[in-house]
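**Student:** Next come the chains, spelled out residue by residue.
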Amino acid sequence: MKNEVLNIRGMTCAACAQRIEKVVGKLAGIEQASVNLASEKLFVEFDPEVLPLTVIQDKVKKIGYEVVEKTDSSTVVIPIGGMTCAACAQRVEKAVKKLEGVTNSSVNFATEKATVVYQPQAVRLSAIREAIEKAGYEALEINRQDAAKEDRERKQLEIKILWTKFITSAVFSLPLLYIAMAPMITIVQLPFPAGLDPMRYPLLYALAELLLVLPALGVGYKFYTVGFKALWQRSPNMDSLIAIGTTAAVLYSLYNTWLIAKGNFMGVDHLYYETAGVIITLILLGKTLEAVSKGRTGEAIKKLMGLAPKTAIVIQNGAEKEIPIDEVEIGDILVVKPGAKIPVDGSVVEGRTAIDESMLTGESMPVNKKAGDPVYAASLNTTGTIQFQAEKIGSDTALARIIQLVEEAQGSKAPIAQMADIVSGYFVPVVCGIAALAGIAWYFGTGGDIEFALTIFIAVLVIACPCALGLATPTAIMVGTGKGAENGILIKGGQALETAHKINTIIFDKTGTITEGKPTVTDVLTTEGVEKNRLLQLTASAEKGSEHPLGQAIVRGAEDAGLPLFTMENFESLTGRGIEANIDGHTILAGNRKLMAEREISLTAMEEASDLLAEEGKTPMYVALDGTLSGIVAVADVVKQSSRAAIEELHHMGIEVAMITGDNKKTAAAIAKQVGIDHVLAEVLPQDKSNEVKKLQELGRKVAMVGDGINDAPALAQADIGIAIGSGTDVAMESADIVLMRSDLMDVPTGILLSKKTIQNIKQNLFWAFGYNVIGIPIAAGVLYLFGGPLLNPIFAAAAMSLSSVSVLANALRLKRFQTTVGKGRVSRP
Amino acid sequence: MKKNVKLISAIGVAVVIVALILTGILKTAGTIDVVGKGSVDSFEAVLSASDSGVVFDEENKGWKLEAPDGSAGFIWSGNFSESPLFDVMLSVDAAPFVEAGLDIEKLPEYYTVQDGMLLVGTQLGEDQGKEEATPKAAYEEIVRKYPHQIGYHTPMDHYNISLGNGNLFEWAKNMEMNGSVKEAQDKDIVFVLHPEPLIAAGVDPEKVEGWAYTTVSMGMGASAEEMYKFLKPFDLQ
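If you read the protein sequences in the order shown, they are chains A and B.
The opening residue of the first sequence carries number 18 in our numbering; numbering runs sequentially from there.
The opening residue of the second sequence carries number -19 in our numbering; numbering runs sequentially from there.
Because the hints were derived from the structure by calculation, they are not lab data.
Accuracy of the hints is not assured; some may be wrong.
Said to hold, decoys possible - Chain A regions said to be covered by chain B (calculated; three or more residues, Cβ under 8 angstroms):
(1) 224 to 231
(2) 273 to 279
(3) 621 to 628
Quick reminder that beta carbons are idealized off the backbone N, C-alpha and C, glycines included.
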């Protein structure tokens, strides 16, 4: 199976999204198809051997939407110096075209620019520049188009076009509304051109209205081309509603204009051109505001994309050369000076510096880097100049993966959206049915008043708003997950978001989660006849093969004490218990009480000392040499500063907090007491952690598991929500539902609160979107009028419809005000 | 360039569509002044229906359409420089108003009393006009030169000619349809007087014999306003 994201254009409402999902979902070879209306993206999981991507693209195009082709090509505009005539331009063009990997090259002599379409993986931009220079011309500083910029420009252009259309429509529709309404207003005598007096010049009056409505219909042509096409394909959408409603108004008015022309002047009372014109204008206004708001929902991604630098300084032939970021290849040695951003992921090969990695981890304190340390793209070099080797470029960098993760999350759907999706699928046909039924009913109910029936018909069509339903969920998810990403909280989709807000129990892993995860040796106790350094030296030599933080702490302890380590043989890691190895002719067992019990090694001699260490929150590691207890190496880990405040905050939110650890009960209890944890699950083997989660789930609890994502992946997967804390490691990214980029436990309550706020926002949006339609449609259908209330004018229906989408978007954008106050024991509530 | 071609094509198509719509409508109508044109045919029908009642009024230099009972008449002139008093006017028996309290001295200047008749109307212009031989031709001259005087009373389905100051002469658009299609359109010709100057001159509107003092819906659609008028309607057929 393969996942792909296709950019779709031309969707106007939830019905469009539903239709694409439905049609693509039916194709053989499709596992899943999901459309995000707000981000205009189609997410497909498909089997490329059964179903080529082009078939999916063709299918989408066939039903009337545009698929923006993804291309491996890049376009670059290179200003050229030294051209004197058209022949020079030809020469440059030919020289560039000759290069392998250049798809197209076009040189404009007048603007002195070469536009080159090329495949970056086949040809380097520097090679293109070299070719130009070899041809005898100067390749000046380039102006490269990047995807984010292009997308931003496209959206800005879309807003500009919509705005122009709205202004054009308004310029004609306002006078139209005036001449339609002024003769009807009797309270005040509004100025009115005598030549248009409907009682004296009804035909001129009707023609003036017709001429004024035509520009509005012209700028709103897309409502008709898209709407009728969708109707023809038996999948009407919002455009179909607008198209049917306004077309009915215009046709009826045209008929009456014709009657006037024939001498039946009664028709002057039955002109509805202004209804069509003003509806188009108001819908265009709504669409413009919607486009502006939609652009703001995706700002988080834009910010992330904007973090990456555009160029890098590479060392080529011993000299520094600035090249575009896309030109960097794995293995290149890059130079980063103080104040500059790291261009790609890699490892330092020379120099020392402190790097601000807050964009990745949220941690504001710069991290010291020396040779061998990893550096990440978009992080900021603060103090020294370093050279590093590029290891991950393009879409493989940590930043690119975070962007991808956030994009996927923003494109995902929450289960709460299901109801809206189902309703959207049937919405437009049902509304058409209601409009027709209401129109017919009123026609007969009023004794054949076609005009009244038409008013009802148009009002119902125009007030119904599937857009609000379609935007309710994705916009909130986009803003919510984006806000999370800005704070180093990566929520992997709508499902996670929705489940997270229901969590009532949280289990924290101890080491590396509640504690710093950097334990140190605090005590070495030995039995009679065993020398302390000798015991530490042997234990550290054995632990050298271990990846467990406690083992590594012992190794560091020995190294710090200047003790050389022995060569180890037959190392065996005994999961959840300890290790066994042969060193210098001795068999060494180092581990917990369980391990010693298994091997029937008596702990009596050191029982009391062990208990004392545990009560102090230290982890006693028993060491047996050749089957006899020889001592204890105690290791302690420092509790993170924010742990207590975070747990307090979780308690404040009504969430029960537990701690799970492989450590002994006493040590665990001591740590739990320090941070205020309710329940302790101690001496749990890693493989049993998921069972403990399961047990709580069986009691009806909604459980979140917080761990570092390295040794507790099964528990993270078993939990309703797995929260990986600490960094953007691959394992954490894969196994968790929420990834916390920094090691601050306060991000746990922040993440849960953000999910609560987002779900609350979605519920509000859905409530308004459903409520608006549930109330608006009956009013438009004349239910209030039936009982002596007012009748809704279609113009007001159009205004209400436009505002409903905008109000949903505005509500979603409120989430942008969500703020966190870490370290004060409270998460601020917007 | 490609974009410009597209835009120019779109504008071209739009212009052609607009031209076609306008041509079709204007061809159907024959003229933009559909009220004027329609009113001529209806007026001719009214003249035909009251053939004996149409005479040339030498004194006022205009054609006169008299009500069947002779109590009122509509006078119009196609030669605007010739008419001594008004170019279009109503001539109504003054007696019912005098009996209802009218003090002639208090009437505004556009009212005149002549041989026991109240004359009320307006000057349209001073142009020479044609020496019109027929009442229809004289009316056509008014339509041609002063089209804004001709109106259409939507609720009644009547044409009318404004005589100024709220006074009108109305006639049915289609006398054949009277009473059969629209209940309201029940009379062939109606003499309409604006009551306010008369009331101001002492007339008790409820006491005017032979005239209906009632509200009439004037204006269009939702703005149609109910206004009090003195009405004197007649059937010609």
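**Student:** If a hint holds in the structure, say so; if it doesn't, say that too.
**Tutor:** Evaluated hints:
1. 224 to 231: holds (count 4)
2. 273 to 279: Satisfied; 5 residues make the cut.
3. 621 to 628: Since 0 is below three, the answer is violated.
Hint compliance for this structure: hint 3 alone is broken.
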